[in-house]
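**Q** Sequence:
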Amino acid sequence: MAYELAQVNIGRLVAPLTSPQLKDFVDALDPINALADAAPGFVWRMQTEDGNATAVRAFEWDTGTSAGIIVNMSTWRSVEDLAAYVYSGEHRAVLKRRREWFERMPEAFTALWWVPAGHRPTTDEAEDRIRHLRAHGPTPYAFTFRETFPPGGAVAESGQADWFCKA
1 MAYELAQVNI
11 GRLVAPLTSP
21 QLKDFVDALD
31 PINALADAAP
41 GFVWRMQTED
51 GNATAVRAFE
61 WDTGTSAGII
71 VNMSTWRSVE
81 DLAAYVYSGE
91 HRAVLKRRRE
101 WFERMPEAFT
111 ALWWVPAGHR
121 PTTDEAEDRI
131 RHLRAHGPTP
141 YAFTFRETFP
151 PGGAVAESGQ
161 ADWFCKA
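Each residue of the sequence shown is one higher than the one before, counting from 1 in the UniProt record's numbering.
Please keep in mind that the hints were generated in silico from the structure rather than gathered at the bench. Heads up, some of the hints might be wrong.
To be verified - FRET-style restraints, in silico, Cβ to Cβ:
hint : residue 1 : residue 2 : range
1    : ALA135    : GLY51     : 27 to 35 angstroms
2    : ARG99     : THR54     : 16 to 24 angstroms
3    : MET105    : VAL26     : 37 to 45 angstroms
4    : TRP61     : HIS136    : 15 to 23 angstroms
5    : ARG134    : PRO31     : 17 to 25 angstroms
6    : SER88     : THR65     : 28 to 36 angstroms
7    : THR63     : GLY152    : 18 to 26 angstroms
Ideal placement from N, C-alpha and C gives every residue a C-beta, glycine not left out.
Construct the complete structure from the given sequences, taking the supplied hints into account.
**A** Structure follows, in structure tokens:
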């Protein structure tokens, strides 16, 4: 069976998306999403029918005292393809500014998992993977860039050092 890598990442907003504080983030959304769409190994990105990923409602239980939750979910051909996009170029520059726009989250806010090729994960699946990762740490069911698993594999593999952003 062929597999694709699913990823979800969430952020707790420090202010509403319409606020001046988030203007640079909102202005970067379309160009950064276009880069993802054109990146080697990209397969699919969750968004509404009109192309707005920020309008997707999920993880409402995890809002805390924030201005709301923003969700990003996509599928990729491999962990390496996703990491090459996430940790290089323009996306890394935006990633380094995340503390301006998102609350620090002490618990897992990104989860990776394998899905059958062509499957489009739902927000319910993503919520389940984040909850599992928070409760059990990295496993084949939900893992991170630091500790990955191959499709159907039970043996963890270490992520590459350049896959991490210290910001």
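**Q** A separate judgement is required for each hint: does it hold in the structure or not?
**A** Against the structure, the hints come out as follows:
At roughly 34 angstroms, the beta carbons of ALA135 and GLY51 sit within the given window of 27 to 35 angstroms. Taken as a hint, the range 16 to 24 angstroms holds for the pair ARG99 and THR54, whose Cβ atoms sit roughly 19 angstroms apart. A hinted range of 37 to 45 angstroms for the beta carbons of MET105 and VAL26 is inconsistent with their spacing of about 20 angstroms. About 18 angstroms separates the C-beta atoms of TRP61 and HIS136, a value consistent with the hinted range of 15 to 23 angstroms.
A hinted range of 17 to 25 angstroms is violated for the C-beta pair ARG134 and PRO31, which are about 31 angstroms apart. One distance hint, 28 to 36 angstroms for the beta-carbon pair SER88 and THR65, holds here, with the actual separation near 33 angstroms. A hinted range of 18 to 26 angstroms is violated for the C-beta pair THR63 and GLY152, which are about 35 angstroms apart.
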